[in-house]
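Asks: This is what each chain is made of:
There are 2 protein chains.
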Amino acid sequence: MSTLQQITPWQRVTEELTAIVGKGSVITDVAEALVYECDGLSMYRQRPKLVVLPQTTAQVSAILKVCDRYRIPFVARGSGTGLSGGALPHTEGILIVTSRMHQILDIDLANQQVVVQPGVINAWVTQAVADEGFYYAPDPSSQIICSIGGNVAENSGGVHCLKYGVTTNHVLGLTVVLPNGEIVELGGAAPEMPGYDLMGVFVGSEGTLGIATEIRLRILKQAEAIAVLLADFTTIEAAGETVSAIIRAGIIPAGMEIMDNLSINAVEDVVATNCYPRDAGAVLLVEVDGLDAEVPILQERVTRICYEQGARHVTVATEAEDRLRLWKGRKAAFAAAGRLSPNYFVQDGVIPRSQLATVLKEIAQLSQRSGYRIANVFHAGDGNLHPLILYDQAVPGALAEVEALGGEILKLCVRLGGSISGEHGIGSDKACFMSEMFSPADLETMQQVRSAFDPKRLANPEKVFPTPRTCGEAAHQLKDFPNIEAF
Amino acid sequence: MSTLQQITPWQRVTEELTAIVGKGSVITDVAEALVYECDGLSMYRQRPKLVVLPQTTAQVSAILKVCDRYRIPFVARGSGTGLSGGALPHTEGILIVTSRMHQILDIDLANQQVVVQPGVINAWVTQAVADEGFYYAPDPSSQIICSIGGNVAENSGGVHCLKYGVTTNHVLGLTVVLPNGEIVELGGAAPEMPGYDLMGVFVGSEGTLGIATEIRLRILKQAEAIAVLLADFTTIEAAGETVSAIIRAGIIPAGMEIMDNLSINAVEDVVATNCYPRDAGAVLLVEVDGLDAEVPILQERVTRICYEQGARHVTVATEAEDRLRLWKGRKAAFAAAGRLSPNYFVQDGVIPRSQLATVLKEIAQLSQRSGYRIANVFHAGDGNLHPLILYDQAVPGALAEVEALGGEILKLCVRLGGSISGEHGIGSDKACFMSEMFSPADLETMQQVRSAFDPKRLANPEKVFPTPRTCGEAAHQLKDFPNIEAF
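Going down the list, the sequences are from chains A and B.
Mapping the first sequence onto UniProt numbering, position 127 (from 1) lands on 127, and the numbers just tick up by one.
Mapping the second sequence onto UniProt numbering, position 60 (from 1) lands on 60, and the numbers just tick up by one.
Just chain A, same shape as in the assembly:
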């Protein structure tokens, strides 16, 4: 017997991948791989067979050809800041980490476009063009750490997506490696492309259709002037009604955020902004931007509407430093929630703006019935809720109860004509709620499209779509992948 036959199949795969990316870019060591076992939804962890860190489109293509040949599932991971478990590794698969694909490949100011690799951090894009007066609009809270590739996978939003849209509105073209290793171009530099808008399908597909290796982004000119308004209300319903009144008046602020009393007190405990009144039922933050001549008019109109809707006080900040001070509490809201209780669970749902008051009342009732406190922080302008359920993971059964409570909130959103995810994606966390929103025919159509890209179901399997496993039943999905040890 030759020694060759003693090499296990995974050793062979490791050798092939090492030949593609080099020795330092394949991680098989358990300790080294530990950091990749979860994403931002840290209560779930899974260990991949190995981790590979490519640097180029050609390397990603070669890696996926290996996966295709051996039928190995793969999961792509950017910075791992996702909140729905979309980058949770597959225990029988490869984790492809894009953090070494961090080049800004092209900056075309004349056509307001930037081309980046997927591992480029969101905030770097703005940094690269800020001196010339441009910026990249989508700004998830994690923007100083999250990757553009991850933003594309999740179709990330941010506090300014009310006026400026989400990631899909700012991606012009993608170089994509399909699960079989083939390289395709979706979209492109031209403002409108013929054929099917497959770029639009890819953005938000949560890694289930392939890996984007070059991303062409639209950049915008910075606004001349910005004003931030902070209005405090005795009830959260009044704050919600003010949001509708502002939109009804034909004003589209850059962002509108609401925080409830529990969140206000949490942030004041932690960062002491001294701007958010502790006895307020809710505060509403409104950012308006535009021309120097336009912003004062907008801020005056918004102020008037806030008072008409019962605001006790409205603070206006126009200088950068003052604006940051007003935003500070909102930016610290999630971190501050961590001080309120040992653990918290961020839910992400959407409702039509007109249902804001109704949904808040029902969430309050759910909180009371379940005995779990819920802090509400949300992108009010587009009806994107982020209820934070406070709990203690050390209490037996608490996690299961909190998950059930989170599920109730999602079903409530759907019942009111909304959606089970605003910007955090479905991932592994919400796959079992997809059937709340979509009919079997709707889901089947999506699966057909998925098969068009990935007939072998190797790209981020068991995510997004409901399977017995994700709905809490037996984990028999794994048998769909021939165990590579059998090769």
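One or more of the hints may lead you astray.
Said to hold, decoys possible - Covered, in the sense of this in silico footprint (three residues per stretch, anywhere, with C-beta under 8 Å from a C-beta of chain B), are these stretches of chain A:
no., region
1, 65–79
2, 182–195
3, 293–302
4, 348–360
5, 378–384
6, 437–443
7, 447–461
Bear in mind the hints are in silico, worked out from the structure with no lab data behind them.
Virtual Cβ for every residue (Gly too), placed ideally from N, Cα, C.
Following the hints, put chain B in place on chain A, whose structure we already have.
Replies: Relative to the frame of chain A, chain B by itself:
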């Protein structure tokens, strides 16, 4: 032999369709069907086997189930104003006309949404909400006659899409009948929907994925103020450079249109606006909108930029009547071109804004070499060209030469980093140019997605994608459909 067996298969299909939609809604008479033999690209005509005019989603579903059972190709048609032959009937198929699906089903002002049937005319949407201060943004030139269903199929633009985007940016949800008759919901009322953005794929798919029977549109608040500026330049290059300079200054006008000297003289001959100087190399129309306080500043800045770029004169109109007078010539441009020569062919291509001067120079050279005059009218802000090639169809060989010239212009657009279609679609006219833009792998991915919706290839076959037939070779594609007479 019973008389039953003497019924031909098409008679049987006619009976089945009549049972679905009623007697007056199935047209088999050649004279009556004549009007449906072509769309706005009138040089190509084909007669369908029969025409059916449904009124409801259920009827469309039942019709497509008949098509699926007998494997009959079908083409959907709105108002037939398309310019790329997308609604050209199939000689062995059924034409499904949506003109009787003309109900506005819901108006939800609070959430700024309107739900319509596909046969609703574009301009009706704005008419229905104008009194409340809202409007529907996409405004193709044909807006008083074209249907929303057709707009969805073609992802139509208009003169205001620079600032407000094209149809896909204003569609929120679709009820779609798949080619097998199944009814699915794509997108919906919520601002963001999880799962794949199949609504985005459907918009612009030119009738190849199914038929949209209910369309949920976003409506916008009317701007407080609007100003239109008309600047005249001695050269078209200067007008093009001004467009870039305006964008570079961070201004996004609602629309920017350029007309060249030939177009100017054509419209002055026909509508005598007396605003467009006959000796100008080009005129640039710029529309700015916004707050009452914002628009005067924008118009002042645009005026200054125009003069800096060498404008001879800038006229500004703020009152509705004066604005219409400035727009009048642009709106009449296509009609006026009909006075310049017996026939004209409108091309539709896109280039990056920065290549405007280059492409205009090369189009002038193509015109000179070919001997055909070309009038240039275009949405300059987004680089969407509409060269009008003037010719006389009565001259033998002229049409073929003009088509070849149109093709050269498209290849030029692609060479400069642009696209073969801005807003008129691919249809039957441009399918053979798709391979200029897309690699075989790109096109194969689109075909796979098409198969996910339409595995039997019954929905508007022979359109969009290159086939031997559309590239001028033998018309052997038809044999893919078993002749129904064989049933």
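Asks: Under the constraints set out in the numbered hints, which ones does this structure not fulfil?
Replies: 1
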